Amino acid sequence: MTDDGTPSPPPLLSARDLHVAFPGRRGGPPLRAVDGVHLDIRPGEIVALVGESGCGKTTLARALLGLVRPTRGQVVFAGRPLEYGSRALKTYRRRAQLVLQDPSGSLNPRHTVYEAVAEGLRIHRHGGDEREAVARALSRAGLRPPERFFLRHPHELSGGQRQRVVIAGALALDPELLVADEPVASLDASARGEILALLLRLRTELGLAALVVTHDLGLAWNIADRVAVMYLGRVVETGPVEDVLTAPRHPYTQALLSVLPEAPGAPVVLTGEPPDPTHIPSGCRFQARCPVLAGGEAARAGVADRCRTEEPAVLEGGGRAQVACHWAGARVAP
Amino acid sequence: MTLLDVRDLEVTYPGGAAAVRGVDLRLAAGEKLGVAGESGCGKSTLALALLRLLPAGTRVRGQVLLDGEDVLTMRWGRVRAVRWAGASIVFQGAMHSLNPVHRVGDQIAEPILLHRKATAAAARRRAGELLEHVGLPAARASAYPHELSGGQRQRVMIAMALACDPRLVVADEPTTALDVMIQAQILRLIEQLVAEQDLGLIMISHDLAVLADTCDRLAVMYAGRVVEEGPARAVYDDARHPYAQALSAAFPRIGDPASRFAPRGLPGDPPDPSAVPAGCAFHPRCPAVLDVCTTRDQVLREAGEGRRAACVRVGAEGDAPAADAAATTGAGTDAGSAAGAGTATGSASEPAAGTGATADPAAGTGTATAPVAGTEAATGLAPGAEANAEPTAGVGTDTEPVTEAETATGPVAGAGADTRPAGTGTNAGPTGTGTNAGPTGTGTNAGPTGTGTDAGPTGTGTNAEPAAEPAAEPAAEAAAAGPATDAAATGAAPAGEATGTSRTRSTP
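Sequences listed follow chains A and B, in order. When you line the first sequence up against our numbering, it's residues 1 to 334, in that order. When you line the second sequence up against our numbering, it's residues 1001 to 1508, in that order.
It is possible that some hints are incorrect.
Stated by the list, open to error - Beta-carbon label-pair distances, calculated as ranges:
| hint | chain 1 | residue 1 | chain 2 | residue 2 | range |
| --- | --- | --- | --- | --- | --- |
| 1 | B | Ala1122 | A | Arg152 | 55 to 63 Å |
| 2 | B | Ala1139 | A | Glu310 | 55 to 63 Å |
| 3 | A | Arg308 | B | Glu1069 | 35 to 43 Å |
| 4 | A | Arg144 | B | Gly1057 | 36 to 44 Å |
| 5 | B | Glu1305 | A | His279 | 35 to 43 Å |
| 6 | A | Ser53 | B | Ala1120 | 34 to 42 Å |
| 7 | A | Glu242 | B | Pro1277 | 51 to 59 Å |
| 8 | A | Gly296 | B | Ala1139 | 27 to 35 Å |
| 9 | A | Pro23 | B | Ala1139 | 26 to 34 Å |
| 10 | B | His1102 | A | Arg148 | 44 to 52 Å |
| 11 | A | Asn108 | B | Pro1137 | 42 to 50 Å |
Said to hold, decoys possible - One side only, chain B facing chain A, incomplete, derived with CB under 8 Å:
| hint | residue |
| --- | --- |
| 12 | Trp1076 |
| 13 | Leu1114 |
| 14 | Asp1179 |
| 15 | Ala1209 |
| 16 | Asp1213 |
| 17 | Ala1250 |
| 18 | Arg1260 |
In short, the hints are calculated from the structure, not lab data. All values derive from a computational prediction rather than experimental measurement. Each residue gets a CB set at the ideal place from its N, CA and C atoms; glycine is no exception.
Construct all of the structure, not just a fragment, from the sequences and the given hints.
Below you can see the structure in the form of structure tokens.
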């Protein structure tokens, strides 16, 4: 249920208080890549997970697919907690598919398009007509007529076509969810629009839900229903795309939007880079780079001490607009 | 004073790939020129050619005048002196351009030692200063590349490019692999350095939005040619060439409802540089292609103040083309629409203006296509062709409604013609004349219908009314019936048409 009272379907996939930590190097403190995240993806919904490199967005996506085991919390798919036995994972991966960033790297250069798409079907012992299933997946991915592509090799295709082959491979098993990690980052501008339009069409035609991991806020505006902004392992702002991207409340989201070429107003260029996830600051994790705190606005709002000492609460995974910021909270409810 | 003057540069790789096919560029000191295009359009080859960094066996023709001296004919000793000290390159992918086994300070000092004959200590000192200049602590000079983040490595690359105080810096995709925030930091740094040191900057990227924000002028390349050039903002906001329009529309403006749930791309792939299509190299992908495009190569022509574009629908070539173009045209218009109404429109208006009639800008949106038509007509007029031209224009207009269908070139044209002929015919007549005469107002086009309507009015003041009606009808129907899916798209197209006509309109 959302806060505005409209009932929403139960989430297809959710992360519940998910933590993923990797052991520190040379006995150092552990690297907390994902540090407490709730996130829901409902059937047919496109959610964009945005953030800078190193913020943990890719690790979160991998954890959602069962490729990394969480150190705490759980992943729930279709109402049941994800199990990590190999048989259970195999079943799961038939329903939730991954699309990677660089299609040249995720396709075997010596396999034909047909083999690339059929591989998943063979692994999952698809019962029906393999040729027909491959043709259907290719045409859904916009490679028509599919027979023309069967015997091509990846090097004979353009970047956009390769990414379509990867997507066709993911579609072959009729999944309910796609997790796409920077699906267009390596593509040219013209192909980018084509691939994004394809993701939208798959949602409309097949009801496919998608989690799109990206650092491109324009992509979120182009196709996502909801957006979750991640910083140092945690979602710091989430909500409907229209709310978050046109009226951002977290100083980090505001800064990210302000440096886009089209943005109105003065750009807020944060100095430095995200801190090391082995040493997440206490208090608000964004405090060291926060322009609102540094500029004294947080102090004027009377929250500066809390910013330095008190960690903002973890946001819920649902659909309403939320922000993990003491200052933004104080501005709304003074 | 011109710092860099590239004249008719052609580069052909040993395999026969014509990567650059006749490029002219000029750059003054303190000026920032952006070169945009998809992969394979020749933009990186262009950068390499500027410093003669191409592999042996590559055929390079034309001139690259750096401070009046032709880099392509210099002796090798002189080329070595010019590299780094006259012009330097910040390469794409800082990860791979730094030597992983040398400390970054030594890598920055290397060109200083080679070019300045400075002592090792002085070069080290200078390397430290350069690092501070690009926002890194001088102590980082002792770091190895792997100890730095991507943004820091890119800063090192920039420090290195500045080491010998070059007059020209070529930055090839300087921010491509970086996050938005780091990208913003690097772009600010580059802007600041250019301003402080009065450098000339050529920045190459596929990201038109970034270039428009950073550079003064923009050149959009396609298949080894510059297809549009002009002030950065104008090219980005209001491109004239259908390819530049598509490229610009591919970058969503956050907050713009038109791009919400509507990602825009451009179907098809860039041509293989060893088999560039005949005629206009863009015609196989052009949403507004005309018959003439498949046979006649399109050169850059004036497209407003300080702007040039290589499209048959921009300006006129002086000869009859207007007429045939128009005829063919109908289809053409669509392109505009496809690209995105906003853009298209702008363009249309512009041209019109050039012509004289052009008030249109108001029309804005719908436009793109139409304008074109209008333009040509206008052009035609000038020469005297007017009568013919006009009618044609009318037709062109009609076509537009078709637009949605747009892409399909051939057919479109045909369709357009059939559909509206009546409308057209009518409009055309009046319009032609009327139009030219009138200042053209235009704006109106609003609805998809717009077109039809406008057209009508357009005619001469007088005619306008009656004419308008009929015209409108067909147009409207066309729109409705037509394939045209989106209102917007459609609208746009019509508008375009309208525009042609429109000009007249304002008059009344």
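We went through each hint and held it up to the structure:
no.: 1; hint: B/Ala1122 x A/Arg152: 55 to 63 Å; result: holds, 58 Å
no.: 2; hint: B/Ala1139 x A/Glu310: 55 to 63 Å; result: violated, 35 Å
no.: 3; hint: A/Arg308 x B/Glu1069: 35 to 43 Å; result: violated, 59 Å
no.: 4; hint: A/Arg144 x B/Gly1057: 36 to 44 Å; result: holds, 40 Å
no.: 5; hint: B/Glu1305 x A/His279: 35 to 43 Å; result: violated, 55 Å
no.: 6; hint: A/Ser53 x B/Ala1120: 34 to 42 Å; result: holds, 36 Å
no.: 7; hint: A/Glu242 x B/Pro1277: 51 to 59 Å; result: violated, 42 Å
no.: 8; hint: A/Gly296 x B/Ala1139: 27 to 35 Å; result: holds, 31 Å
no.: 9; hint: A/Pro23 x B/Ala1139: 26 to 34 Å; result: holds, 30 Å
no.: 10; hint: B/His1102 x A/Arg148: 44 to 52 Å; result: holds, 49 Å
no.: 11; hint: A/Asn108 x B/Pro1137: 42 to 50 Å; result: holds, 45 Å
no.: 12; hint: Trp1076; result: violated, 36 Å
no.: 13; hint: Leu1114; result: violated, 32 Å
no.: 14; hint: Asp1179; result: holds, 4 Å
no.: 15; hint: Ala1209; result: holds, 4 Å
no.: 16; hint: Asp1213; result: holds, 4 Å
no.: 17; hint: Ala1250; result: holds, 4 Å
no.: 18; hint: Arg1260; result: holds, 6 Å
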